[in-house]
Structures are given as structure tokens and as C-alpha cells.
Amino acid sequence: MTKSDKQILFELAEAVRNSGDAPTLECEFDPNDPEACEAVLYEADCAVGHFMASPRWDGLRYRLSDPDLYDEFTLDYRVNVRKQLLAIIADAQGIIVQEAINRLVDAQFKKNCDRLEKLDAADAQRVVAPVKEKGTRKKR
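Note that the working numbering has the sequence shown beginning at 1, numbered continuously upward.
Mixed in with the good hints there might be a few duds.
Claimed, not checked - Simulated pairs of lysine to any residue, SDA-like, Cα-Cα distance not exceeding 25 Å: (1) K83 <-> D21; (2) K6 <-> H50; (3) K83 <-> E35; (4) K3 <-> F73; (5) K83 <-> N32; (6) K111 <-> V97; (7) K83 <-> C46; (8) K6 <-> A22; (9) K3 <-> R63; (10) K6 <-> R63; (11) K3 <-> G59; (12) K6 <-> N80; (13) K3 <-> L69; (14) K83 <-> A36; (15) K111 <-> I101; (16) K83 <-> E14; (17) K83 <-> A47; (18) K110 <-> A100; (19) K83 <-> F73; (20) K6 <-> Y77; (21) K6 <-> D66; (22) K3 <-> L75; (23) K3 <-> W57; (24) K3 <-> L64; (25) K83 <-> Y42; (26) K83 <-> Q98; (27) K83 <-> H50; (28) K83 <-> L25; (29) K110 <-> I95; (30) K6 <-> G20; (31) K118 <-> D106; (32) K83 <-> A39.
If you're looking for bench data, these hints aren't it; they were derived computationally from the structure. Here the structure is a predicted model, which means the values were calculated and not measured.
Taking the hints into account, I'd like the entire structure generated from these sequences.
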């Protein structure tokens, strides 16, 4: 890779980063469904491929001495998008697990509170007679 190729790749990266119409994904899916996650990653790959195939990048693409450099740049862009999506999916899975744990803890807490209320009600109904202890007075 020549020095000018590096400069062109930096220009391309800057242009892609500052592009107002970078690919976006607007879809709802279950992050716990592996097939849905794979479909979203595939959709992201297609969006990046379509975005990078745009003729507006041709000016920079054809200035590169090695045409494979543009393909490698596109592949790196896809990999970075996939990494970001996988991180988002992992965060969503973590939130789902935490919410499930919170629901279980809340249910157990409510169950324990109900048990305590029943015990308190049973204690209130019991009449405990005072017990006199024998031999507790001192003799003079």
C-alpha cells in the first residue's frame, strides 16, 4: 500500500463517517432468537454493501492503486457494523435477563410479605396468658 493509498483511505473513512445517509436499521426483533439476530446481521451486511456500492465513492475508489483496498475497506466497515450490532444485541439480552431476575425477586418478596402478614394475623388471634413464675420473689 502506497502512502497516497493510505491518504485516500483516510479520506474515504472520513467521508463515510461524515455521510448523512449512512445505512441505518429500523427493525424490531427478539434478541434471544438466534435466527432473528442472524437476519439482522445479514440485513446490515446488505445495507453496508449497498451503501459502499454507491457511485459517489467512485472518485476515491478509482484513485487507489490497488482495487482490492476498497473491497478490504468495505469488509472492515461490515465487520465494524457487525461488532456494534452484536454489542447492542448482547446489551439487550442482558437487560432481558436482569428484568426477569427483578420479576422473580419481586414475586418472591411479595410471597414472603404475604407469609409474614399471615403469621402476624395468627399471632394477633392467639391469646397468651401471662405466666407467673414461681419462686421469683425474694424472701425476707
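Outcome of the hint check:
Between K83 and D21, the direct Cα distance comes to roughly 20 Å. Compliance with the 25 Å bound is thereby established for this hinted pair. For the hint pairing K6 with H50, the CA-to-CA distance comes to about 23 Å; that is within 25 Å, so the pair holds. With a C-alpha separation of about 17 Å, the suggested pair K83 and E35 falls inside the 25 Å cut-off, and the hint holds. A C-alpha spacing of about 16 Å is found between K3 and F73, which places the hinted pair at or below 25 Å, so the restraint holds.
In summary, the hint linking K83 to N32 is supported, as the alpha carbons are separated by about 17 Å, within the 25 Å threshold. About 21 Å separates the Cα atoms of K111 and V97, which keeps this hinted pair within 25 Å; it holds. Proximity of K83 to C46 is assessed by CA-CA distance (about 15 Å); at most 25 Å being required, the pair is judged to hold. Taking the CA atoms of K6 and A22, the gap is about 22 Å. The hint holds against a cut of 25 Å.
For the suggested pair K3 and R63, the alpha carbons sit about 12 Å apart, so the restraint of at most 25 Å is met. Proximity of K6 to R63 is assessed by CA-CA distance (about 11 Å); at most 25 Å being required, the pair is judged to hold. For the hint pairing K3 with G59, the CA-to-CA distance comes to about 18 Å; that is within 25 Å, so the pair holds. Proximity of K6 to N80 is assessed by CA-CA distance (about 19 Å); at most 25 Å being required, the pair is judged to hold.
Only pairs whose Cα atoms come within 25 Å are accepted, and K3 paired with L69 is accepted, the gap being roughly 13 Å. Restraint check for K83 and A36: the C-alpha separation of about 16 Å stays at or below 25 Å, so the hint holds. Simply put, K111 and I101 have alpha-carbon atoms about 15 Å apart, close enough for the 25 Å limit, and the pair holds. Straight-line distance between C-alpha atoms of K83 and E14 comes to about 20 Å, which keeps the hinted pair within the 25 Å bound.
At roughly 15 Å between alpha-carbon atoms, K83 and A47 fall within 25 Å of each other, so this suggested pair holds. Annotation: proposed proximity of K110 to A100 holds, straight-line Cα distance about 15 Å (limit 25 Å). Taken as a hint, the K83 and F73 pair is honoured in the structure, with Cα atoms around 15 Å apart against an allowance of 25 Å. A distance of roughly 16 Å separates the Cα atoms of K6 and Y77; the hinted pair therefore holds under the 25 Å criterion.
Using a Cα cut-off of 25 Å, the hinted pair K6 and D66 holds, with the two alpha carbons roughly 11 Å apart. A hinted pair counts as satisfied when its Cα atoms are at most 25 Å apart, and K3 with L75 qualifies at roughly 21 Å. Straight-line distance between C-alpha atoms of K3 and W57 comes to about 19 Å, which keeps the hinted pair within the 25 Å bound. The hinted pair formed by K3 and L64 meets the criterion: a straight-line CA distance of about 10 Å does not exceed 25 Å.
This hinted pair checks out: K83 and Y42 have alpha carbons roughly 13 Å apart, not beyond 25 Å. At roughly 22 Å between alpha-carbon atoms, K83 and Q98 fall within 25 Å of each other, so this suggested pair holds. Our distance criterion of 25 Å between C-alpha atoms is met by K83 and H50, whose separation comes to about 19 Å. Simply put, K83 and L25 have alpha-carbon atoms about 14 Å apart, close enough for the 25 Å limit, and the pair holds.
Proximity of K110 to I95 is assessed by CA-CA distance (about 22 Å); at most 25 Å being required, the pair is judged to hold. The hinted pair formed by K6 and G20 meets the criterion: a straight-line CA distance of about 23 Å does not exceed 25 Å. Restraint check for K118 and D106: satisfied, since their Cα atoms lie roughly 18 Å apart, inside the 25 Å limit. For the hint pairing K83 with A39, the CA-to-CA distance comes to about 15 Å; that is within 25 Å, so the pair holds.
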